[in-house]
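> Residue strings, one per chain:
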Amino acid sequence: MVSQRKTRTGARAALWVAILAATIYSAFPFYWLFISSITDPSQLFGGALVPSDYTLDNYAELFAQTAVLTWMRNSVVVAVVVTVATVVVAVMGAYSLAFFGTRLGQAAGQLILFTYMFPGVVIVVPAYRILSQLGLVDSIVGIVLVELVLTVPFCVWMLRSFFKEIPKELFEAGRMDGASHLRVLWSIMVPVARPGIIAIAVFAFIFSWNEYLFPLVLVNSEDGKTLPIGVAGFMGNLTVQWGPLLASGVVTVLPVLVLFVFLQRYLVQGLMAGAVKG
Amino acid sequence: MSGSSIVQSSPPTRGLTPSRPSSPAPRRSRQRRELLVSLALLAPAAAVIVLLMAVPLVTVVADSFTDRSFISPTSSFVGFENYSDVLTGDAFWPTWSRTLLWTGVSVFFQIAIGLAFAMLLNQRFRGRGGLRAIFLLPWITPVVVVALIWKWMLNDLYGIINNLLGAVRPEWGDLAWFSDQSLALATVIGVNVWRGVPFTMIILLAGLQSVPGELVEAASVDGAGRLRTFATVTLPHLRGILLTVALIFTMFNFNNFDLIYLGTRGGPGDQTMILPVKTYDVAFNGLQVGESGAWATLTLITIAVIAGIYFAYMRRREAKH
Numbered sequence: 001m002v003s004q005r006k007t008r009t010g011a012r013a014a015l016w017v018a019i020l021a022a023t024i025y026s027a028f029p030f031y032w033l034f035i036s037s038i039t040d041p042s043q044l045f046g047g048a049l050v051p052s053d054y055t056l057d058n059y060a061e062l063f064a065q066t067a068v069l070t071w072m073r074n075s076v077v078v079a080v081v082v083t084v085a086t087v088v089v090a091v092m093g094a095y096s097l098a099f100f101g102t103r104l105g106q107a108a109g110q111l112i113l114f115t116y117m118f119p120g121v122v123i124v125v126p127a128y129r130i131l132s133q134l135g136l137v138d139s140i141v142g143i144v145l146v147e148l149v150l151t152v153p154f155c156v157w158m159l160r161s162f163f164k165e166i167p168k169e170l171f172e173a174g175r176m177d178g179a180s181h182l183r184v185l186w187s188i189m190v191p192v193a194r195p196g197i198i199a200i201a202v203f204a205f206i207f208s209w210n211e212y213l214f215p216l217v218l219v220n221s222e223d224g225k226t227l228p229i230g231v232a233g234f235m236g237n238l239t240v241q242w243g244p245l246l247a248s249g250v251v252t253v254l255p256v257l258v259l260f261v262f263l264q265r266y267l268v269q270g271l272m273a274g275a276v277k278g
Numbered sequence: 001m002s003g004s005s006i007v008q009s010s011p012p013t014r015g016l017t018p019s020r021p022s023s024p025a026p027r028r029s030r031q032r033r034e035l036l037v038s039l040a041l042l043a044p045a046a047a048v049i050v051l052l053m054a055v056p057l058v059t060v061v062a063d064s065f066t067d068r069s070f071i072s073p074t075s076s077f078v079g080f081e082n083y084s085d086v087l088t089g090d091a092f093w094p095t096w097s098r099t100l101l102w103t104g105v106s107v108f109f110q111i112a113i114g115l116a117f118a119m120l121l122n123q124r125f126r127g128r129g130g131l132r133a134i135f136l137l138p139w140i141t142p143v144v145v146v147a148l149i150w151k152w153m154l155n156d157l158y159g160i161i162n163n164l165l166g167a168v169r170p171e172w173g174d175l176a177w178f179s180d181q182s183l184a185l186a187t188v189i190g191v192n193v194w195r196g197v198p199f200t201m202i203i204l205l206a207g208l209q210s211v212p213g214e215l216v217e218a219a220s221v222d223g224a225g226r227l228r229t230f231a232t233v234t235l236p237h238l239r240g241i242l243l244t245v246a247l248i249f250t251m252f253n254f255n256n257f258d259l260i261y262l263g264t265r266g267g268p269g270d271q272t273m274i275l276p277v278k279t280y281d282v283a284f285n286g287l288q289v290g291e292s293g294a295w296a297t298l299t300l301i302t303i304a305v306i307a308g309i310y311f312a313y314m315r316r317r318e319a320k321h
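Chains as they are written, first to last, in this note's numbering: chain A, 1 to 278; chain L, 1 to 321.
FYI, nobody ran anything at the bench for these hints, they're computed from the structure. Hints may contain errors.
[Said to hold, decoys possible] Calculated lysine to aspartate or glutamate pairs in the EDC-like style (CA-CA distance at most 20 angstroms, straight line):
1) L:K151 <-> L:D174
2) L:K151 <-> L:D180
3) A:K168 <-> L:E34
4) L:K151 <-> L:E34
5) A:K164 <-> L:D270
[To be verified] Footprint (simulated), chain L over chain A, 3 or more residues, beta carbon under 8 angstroms:
6) 64 to 72
7) 75 to 84
8) 87 to 99
9) 131 to 145
Model, not experiment: these values are computed from the prediction. In this text, a Cβ means the ideal position worked out from N, Cα and C, and glycines have one as well.
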């Protein structure tokens, strides 16, 4: 009995050691980014894990000396428009794939997996040429259009697995009663699949907010940059000060972090539903 | 407000009533109308995929047979010239095999660590939900911030990692993680693994939670230890999901551009140059759209072959069961 209890205590201890190690691995880099961004410059290069002098000067300098507010505004506009457009397009598409029982609906899962095969780089060179012919380089419209290709396939795929969990009788009952598809979709499916719709909205926002390659190619002017492009340019600048640069990193990650903290259960549910359903 | 009440209040005269669905002619027209509606609903999503994926793809392949560049407004057909230039040049095969190495090593560690994290989260302990959220953080972080964080932590002069290593052994304290010839590829792979682990973890956690509890219990009643139970019950159950995750991550990594571009630009020398970065580089720094198209097409062919092997293997596996 005693030895059994001992091994159980041992297993428990091993579990907590593993948890601690995994937590440090995942979270310490974020702690270090944040703490470094508010460390007094005199201590920034000392490497103390908990500095003793703090300052917000880095943030003041960042906002005073760079166009970070303009970049942020661009990022917000792009991400919001991409999110709204993605949700509308994905709700319609997923409804069609989930409830009509067409052959396309059955093949869609694999088809969407198939779209992951194509590197963004392959898309971006011709996209740049086409958009420059349309005069849409350096415009929010151009970025939004191209970013839809990142969000739409994934969100259709995920929402379809949410719709598939809704009993088909609910769909048939609505149709039998003579309701139009629009009505069935809006009054039955959207309310029932609300967690799925929140999940795809959050995904679309995060994907778009984080995207680097497409705006990198499609934006030439300082005023047209999104936040990641601005920060990357700042990072590539050899004379840059680490303090404001680290502050710009915090400013870039903060919005998705806040969104994630409040809505992470929808994200997890969405990923897990998609994973098991395929 | 419940959906069904709205449905009931809608006028009963619309469309065909269910009382006579068997007369063939209106049924066919109704079927056709349903098909049209389903296609119309799908149209915007299909348009995104066709216009933003299929059209660029065809354009890229077409460009690869021309001498198109960003410098001159005109271009002409050159046959396979770009391909022979690329394939006989010094850069292609080292870049190609490096891309496979980068992909293979990344996928292996992303899945191995992701599985370990998933198994950790599959244990019962207090604060599990919060921990799951923390483990997911690297995945939702913008890649530019990922690059910034690690360039700061791994800075050769003031990085915290070199500070800590230097305290152990002074000669470890000045490793140039991103700019040393022999270290750079390992460094970007390490950062790439860090970024990918949360995604494999959450998918594999879903798989672990779908392992029937009775099976695990039965195995432990039979006297199988934890390792044994894992090898004989859990792992076989996870196999399908593991294979799918491996395929998706093979593509994610193979196609990756941003992390390497932000981390090293493919350098030092060409030590971290992979196919997508090269494709970008040839187009936007070399301004050679045609040659870049050849790089892109060769990349696509490689991915298609990998996916083909995967699907052939899956089909054989399914046929066996």
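> Please go over all the hints and tell whether each is borne out by the structure.
Status of each hint after checking the structure:
1. Between K151 of chain L and D174 of chain L the alpha-carbon distance is near 14 angstroms, which keeps this suggested pair within the 20 angstroms criterion.
2. Restraint check: the Cα-Cα separation between K151 of chain L and D180 of chain L comes to about 13 angstroms, which is no more than 20 angstroms; the hinted pair holds.
3. With a CA separation close to 16 angstroms, the supplied pair K168 of chain A and E34 of chain L stays within the 20 angstroms bound.
4. For the hint linking K151 of chain L to E34 of chain L, the alpha-carbon distance of about 55 angstroms lies beyond 20 angstroms, and the restraint is violated.
5. Simply put, K164 of chain A and D270 of chain L have alpha-carbon atoms about 47 angstroms apart, too far for the 20 angstroms limit, and the pair is violated.
6. Counting residues of the stretch 64 to 72 of chain A whose beta-carbon sits less than 8 angstroms from any beta-carbon of chain L gives 0, not enough to reach three: the coverage restraint is violated.
7. For the stretch 75 to 84 of chain A, the proposed coverage by chain L is not satisfied: 0 residues have a C-beta within less than 8 angstroms of a C-beta in that chain, short of the threshold of three.
8. Remark: the stretch 87 to 99 of chain A is confirmed as covered by chain L, as 8 of its residues place a Cβ nearer than 8 angstroms to a Cβ of that chain, reaching the required three.
9. Three residues within the 8 angstroms Cβ limit are the bar, and the stretch 131 to 145 of chain A against chain L gives 1, so the coverage statement is violated.
Hint compliance for this structure: hints 4, 5, 6, 7, 9 are not met, and every other hint is.
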